[in-house]
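A.B. asks: Single-letter residue listing:
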Amino acid sequence: MLHISKDRINTISNRTIQNLTGVTIGLTTSLASFQRTGCSGNCRSCQSCTASGIILMASILLVKYGGGVQRIKKRFNKTVDEPHSVKIGK
Amino acid sequence: MSDGSNTKNRVRRHFWLRLSTYILGIFLFYAPFALFTRTIKFFTNNSTVSDVHNLCFRMPINWIFDPSQWSRFVSSPFYMGFFVIIGIAFLFGPLFCGWLCSAGAITEYLSRLVPDRFKIDLSGKVNPMPIRYGFLAGYLLTPFLGGSIGCAFCNFGIFQRFISALTGDWQQIAYWSTTMIITTMIWFFIFGLFMKGGRGWCSFGCPVGTLQSLFYAIGSKFGFTHKLKYDGSKCSGCGACIKACSMWSIKKGDQGKGIRLNPHTCNTCLDCTAVCPRGALSYGTGAAETGKLLQLDNISVSDTGK
Chain A
2 MLHISKDRIN TISNRTIQNL TGVTIGLTTS LASFQRTGCS GNCRSCQSCT
52 ASGIILMASI LLVKYGGGVQ RIKKRFNKTV DEPHSVKIGK
Chain B
3 MSDGSNTKNR VRRHFWLRLS TYILGIFLFY APFALFTRTI KFFTNNSTVS
53 DVHNLCFRMP INWIFDPSQW SRFVSSPFYM GFFVIIGIAF LFGPLFCGWL
103 CSAGAITEYL SRLVPDRFKI DLSGKVNPMP IRYGFLAGYL LTPFLGGSIG
153 CAFCNFGIFQ RFISALTGDW QQIAYWSTTM IITTMIWFFI FGLFMKGGRG
203 WCSFGCPVGT LQSLFYAIGS KFGFTHKLKY DGSKCSGCGA CIKACSMWSI
253 KKGDQGKGIR LNPHTCNTCL DCTAVCPRGA LSYGTGAAET GKLLQLDNIS
303 VSDTGK
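As given, the protein sequences belong to chains A and B, one line each in that order.
Counting in our numbering, the final residue of the first sequence is number 91, and the numbers go up one at a time with none missing.
Counting in our numbering, the final residue of the second sequence is number 308, and the numbers go up one at a time with none missing.
Quick caveat, the hints were computed from the structure, so don't treat them as lab data.
Treat the hints loosely; a few may be bogus.
[To be verified] Covered stretches of chain A (chain B as the covering partner; in silico rule of three or more C-beta atoms under 8 angstroms from a C-beta of chain B):
hint	region
1	19-28
2	48-55
[Unchecked claim] Below, in silico cross-link-like pairs of lysine to any residue (SDA-like), each with a Cα-Cα straight-line distance of 25 angstroms or less:
hint	chain 1	residue 1	chain 2	residue 2
3	B	K10	B	L30
4	B	K254	A	R16
5	B	K254	A	S14
6	B	K254	B	G286
7	B	K245	B	V86
8	B	K127	A	Q19
9	B	K121	A	A52
10	B	K231	B	R12
11	B	K253	A	T12
12	B	K259	A	A59
13	B	K254	A	A52
14	B	K245	B	F226
15	B	K253	A	A52
16	B	K259	A	N11
17	B	K127	B	Q257
18	B	K245	A	D8
19	B	K121	A	Q36
20	B	K253	A	T22
21	B	K253	A	R16
22	B	K127	A	T38
23	B	K253	A	S49
24	B	K253	B	D233
25	B	K253	A	A33
26	B	K127	A	T12
27	B	K223	A	A52
28	B	K259	A	A52
29	A	K65	B	G126
30	B	K254	B	I88
31	B	K127	A	I56
A virtual CB, placed ideally from N, CA and C, is assigned to each residue, including glycine.
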């Protein structure tokens, strides 16, 4: 019973962390294009929206491949701990 | 006629129907046509230039918490269009996104021409819901900071210039020489053509879509509103809806049982109802989910992209 509730707490906290990370990415992205004077719609030098786009793209890819790095690490640890579990040729 | 060919015909019909409404969207809102805007201006004796900026849905988001800007809603009735699409989203879902927004559709439809192996697949890996709500929070926050972000990264504006250049206003080509080209590349290529579903910007950033989705999610709790409905007892677990969803708003359910619809990212394009061979997904009033959920065994995570 205790085990189940611990799992549930872990799931909830993971979800909360994911949501907070997402909200932070979104908020940072939008505020990166903040302008006091407003956009003229005929841009020459201001690159605030470009910065915004790059932050969004980089963050999303980081979230995606960040998870990938963790998976690789986990796999690497597994390989070290249990060498017989790795199939040759895979 | 077999079920398979029925589904195929339905999907084909749905594809062309939606494409035609998007083309209609260009004629209604974008210069040099802007038929909707011109019609209203004709009746209100307004002779200003008609293009997509007249019906801006983004700036009103900036003005919601800024009382000094509220007079704009009264002085220019076009800005009231924002409240109309929000009302429609509450009652019927974000139909503007799914059926009329040509700026979102252009990348979705063109991305279908790009082979899957060249696309970034984020479906099931990155949850767009908190990111898009965070982005919207930034929009709502900026008036308090004394500025604006309404026009930054505006794909409506980019698309307007694109249409204007194609229809003879070649001066708009000059726009491509500005730094906006980088923004366009990000919106059109990275978040568009080379992303699964082709609607990366809609999923992660568009504040207009996010606000509509928020009201759709609230509205879908009520029985009298129209919404995407799922009948678990009819679901065979083929996963066609998950693959068809360009907004990545359909996921496998908990423990592989049935599917989970996320109204916070859905744009009610109804592609999922068209591809479902057993009619498990439908659009209408009533409860959002009915029927006993079945086990989905034959969908792998890598298959969940479009």
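A.B. asks: Where does the structure disagree with the numbered hints, that is, which hint numbers, in rising order?
C.D. replies: Going through the list in order, the structure violates hints 3, 7, 12, 13, 14, 15, 18, 19, 22, 23, 25, 27, 28, 30 and respects the others.
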